[in-house]
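Protein chains in written order, with the working numbering: chain A, 112 to 221; chain B, 173 to 286.
There could be a bad hint or two in this list.
[Claimed, not checked] The calculated lysine-lysine pairs, modelled on DSS-like cross-linking and capped at a C-alpha distance of 27 Å, are:
hint, chain 1, residue 1, chain 2, residue 2
1, A, Lys-192, B, Lys-181
2, A, Lys-208, B, Lys-224
3, A, Lys-208, B, Lys-213
4, A, Lys-192, B, Lys-216
5, B, Lys-194, A, Lys-208
6, B, Lys-212, B, Lys-194
7, B, Lys-191, A, Lys-208
8, B, Lys-243, B, Lys-181
9, B, Lys-208, A, Lys-208
10, B, Lys-208, A, Lys-192
11, A, Lys-208, B, Lys-212
12, B, Lys-239, A, Lys-208
13, B, Lys-208, B, Lys-224
14, B, Lys-243, A, Lys-208
If you're looking for bench data, these hints aren't it; they were derived computationally from the structure. Note that the structure is predicted; figures quoted are calculated from it, not measured.
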Amino acid sequence: GQSLEQPSEVTAVEGAIVQINCTYQTSGFYGLSWYQQHDGGAPTFLSYNGLDGLEETGRFSSFLSRSDSYGYLLLQELQMKDSASYFCASRYSSASKIIFGSGTRLSIRP
Amino acid sequence: DTAVSQTPKYLVTQMGNDKSIKCEQNLGHDTMYWYKQDSKKFLKIMFSYNNKELIINETVPNRFSPKSPDKAHLNLHINSLELGDSAVYFCASSQGASGTYEQYFGPGTRLTVT
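One chain only, chain A, in its complex shape (with noise of 0.2 Å):
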């Protein structure tokens, strides 16, 4: 079936760069979300990337290879309240369903 797979957990220093990667099954695959959830909070919607490149938003960035079956979300300058949960997400049109990976929680040190 459809699936998206991302690292569980990532730790990084302030102010430094981290990437954090999604690979996914590509039958019926339409783009690539990106969404950080801190601990006890909702899901926000950061990036998304439906055609293959970079998509950037400030400190954020997106990216996707279609041909390659991933993508990845870059995070630069991390500050302390970066520290949260990312999840990537996608529609698969054969099963007409939302999927979300199972999320990657990010840890910064001072």
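Chain B: place on chain A using the hints.
Same frame as chain A, but now just chain B:
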């Protein structure tokens, strides 16, 4: 000013009871969703409505029944609650049903079944 609101925020109940969670969005979106997030933070879609019509119905027990009286509201009724239903339930909305559009999530309802 809340975009997507849910009530209640917390719900503690006993096994076998029936409960409802309400969701409202004031964004003018035409698509609404219910998600379940378990203790491992795995987020899974349960239902989706587009203009009051059910378009996604995942494999969830038929004890769960969504109802959309209008496109701004999507309620979730759960019969005969079980321990495994304990989770955080999120309502969300988006403009468009393709899933590619940005989804706005409500604050969540933490359901605890004892």
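Hint check:
no.	hint	result
1	Lys-192/A to Lys-181/B	24 Å, holds
2	Lys-208/A to Lys-224/B	17 Å, holds
3	Lys-208/A to Lys-213/B	19 Å, holds
4	Lys-192/A to Lys-216/B	25 Å, holds
5	Lys-194/B to Lys-208/A	22 Å, holds
6	Lys-212/B to Lys-194/B	24 Å, holds
7	Lys-191/B to Lys-208/A	26 Å, holds
8	Lys-243/B to Lys-181/B	21 Å, holds
9	Lys-208/B to Lys-208/A	14 Å, holds
10	Lys-208/B to Lys-192/A	25 Å, holds
11	Lys-208/A to Lys-212/B	21 Å, holds
12	Lys-239/B to Lys-208/A	19 Å, holds
13	Lys-208/B to Lys-224/B	20 Å, holds
14	Lys-243/B to Lys-208/A	20 Å, holds
Consistency with the previously given hints is maintained throughout, with no hint failing.
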